[in-house]
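Work out the full structure, taking the sequences as your base and the hints as a guide.
Read in my numbering, the sequence shown has 223 at position 223, and its numbers run on one by one without any break.
Hints listed in this document are in silico derivations from the structure and should not be mistaken for laboratory results. Do not take every clue at face value.
As the list claims (entries may be wrong) - Per label pair, the in silico range of CB-to-CB distance: (1) D338 / G112: 40 to 48 angstroms; (2) A40 / A330: 49 to 57 angstroms; (3) R256 / R320: 36 to 44 angstroms; (4) R256 / K155: 34 to 42 angstroms; (5) D217 / P337: 20 to 28 angstroms; (6) V110 / V340: 22 to 30 angstroms; (7) E255 / D338: 19 to 27 angstroms; (8) K169 / L346: 16 to 24 angstroms; (9) E255 / A132: 40 to 48 angstroms.
Note that beta-carbon positions come from the ideal geometry of N, C-alpha and C, so glycine has one too.
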Amino acid sequence: MDRINRTCLSSVVFVDVVDYTVRTVAQQTRIHDHLKELIAKLVRHIPEDDRVMVDTGDGAAVCFMMDPEEALYFGLNLREALLSAATSGEIDYRCRIGINIGPVKVVRDVNGRRNALGDGINVAQRVMDFAAPNQLLVSRAYFELLGCLYEDCAKLFSYLGVKRDKHIKEYEIYEVAAAATMPLRDAGGAADKSLVAQAPTTWAGTTLEAIARDLADYIGPLATLLVQREARRTNDVGELRRSLAESIVEPDERERFLSRSVEYGGVPAARAAENHLSREHQAARSAPLDISDDDLAALTQYLADSLGPIAKVLVKRFVRQVASREDLVASLAGEIPDGVERERFLRKSVIHI
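Below you can see the structure in the form of structure tokens.
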């Protein structure tokens with residue numbers, strides 16, 4: 001599959017060599033070559049079309065387009081290889097490692113080589129920034145998605161809490177235990193990720209499979225796992241599709257996904273969207289809510305920190321339906337599935353009530 005100029009959901013491992021810039025040029029060259037060879041060895045079993053490696057000079061970013069657990073296997077094996085090399089006296093340097101899952105666009109660089117851009121890489125780098133030498137950290141998004149594969153996933157991680165970068169942006173961070181080991185793969189080399197096996201009992205497997213195929217047109221093979229995760233939070237087709245749409249970066253593609261007329265559970269998506277809009281219209285208030293544009297902008301930003309671009313749509317919807325600012329904040333908070341983020345939204349929003 002040709003992924004050039006396409007945006008896909010990818011698992012990203014960002015690696016940074018500690019104290020690289022203070023070393024001599026000869027030391028930098030030796031470390032760079034060793035890390036490059038080590039990474040190539042660790043990913044050689046993965047087809048080239050399913051991965052992208054980006055040389056950052058003092059480290060690397062490796063994007064995995066298929067199985068998300070490959071990123072964790074890679075991170076664990078890389079850390080172990082570095083410790084082994086130092087113990088044996090082969091070479092001694094340490095790395096900080098961060099893992100995230102998010103949108104990545106595959107492009108060609110000026111030399112015609114494959115490169116990767118996007119928020120998936122940017123956040124992986126931010127996660128790595130919080131790591132200590134030879135520490136492996138992951139984002140909440142990656143932690144939650146991996147939980148779709150392994151019920152005992154929590155045993156691999158320790159929650160480190162909310163961290164803030166230099167721009168005061170907040171990230172929920174998990175540490176991979178120093179002695180962590182991944183569950184054994186099956187004979188096929190991967191965990192059982194079938195939607196029928198993973199889906200909640202309130203969903204028909206065929207419904208989720210149809211939605212996953214639809215979503216995969218826009219974000220790639222990881223659509224299946226994303227559907228698994230979001231299907232655990234709702235039993236409503238329309239709500240599920242709106243939640244999944246947040247993973248699609250391009251606005252026009254997001255709109256196409258929401259308006260597709262593929263049938264799910266006997267209800268065409270387009271008709272379901274029309275019914276949803278009709279209910280909104282019936283519930284709309286005749287008098288506008290007394291709230292300033294500045295307050296609305298602030299609430300939209302707070303909500304976007306948790307939900308992304310869909311926040312603007314939700315604010316516009318609820319501001320027409322509610323009778324007070326308190327109701328508006330409560331309605332918006334109800335759209336945030338994560339309890340920690342919901343409480344954070346409520347704390348920030350109180351000054352606008």
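* Unsatisfied constraints (hint numbers, rising) -> 3 and 6
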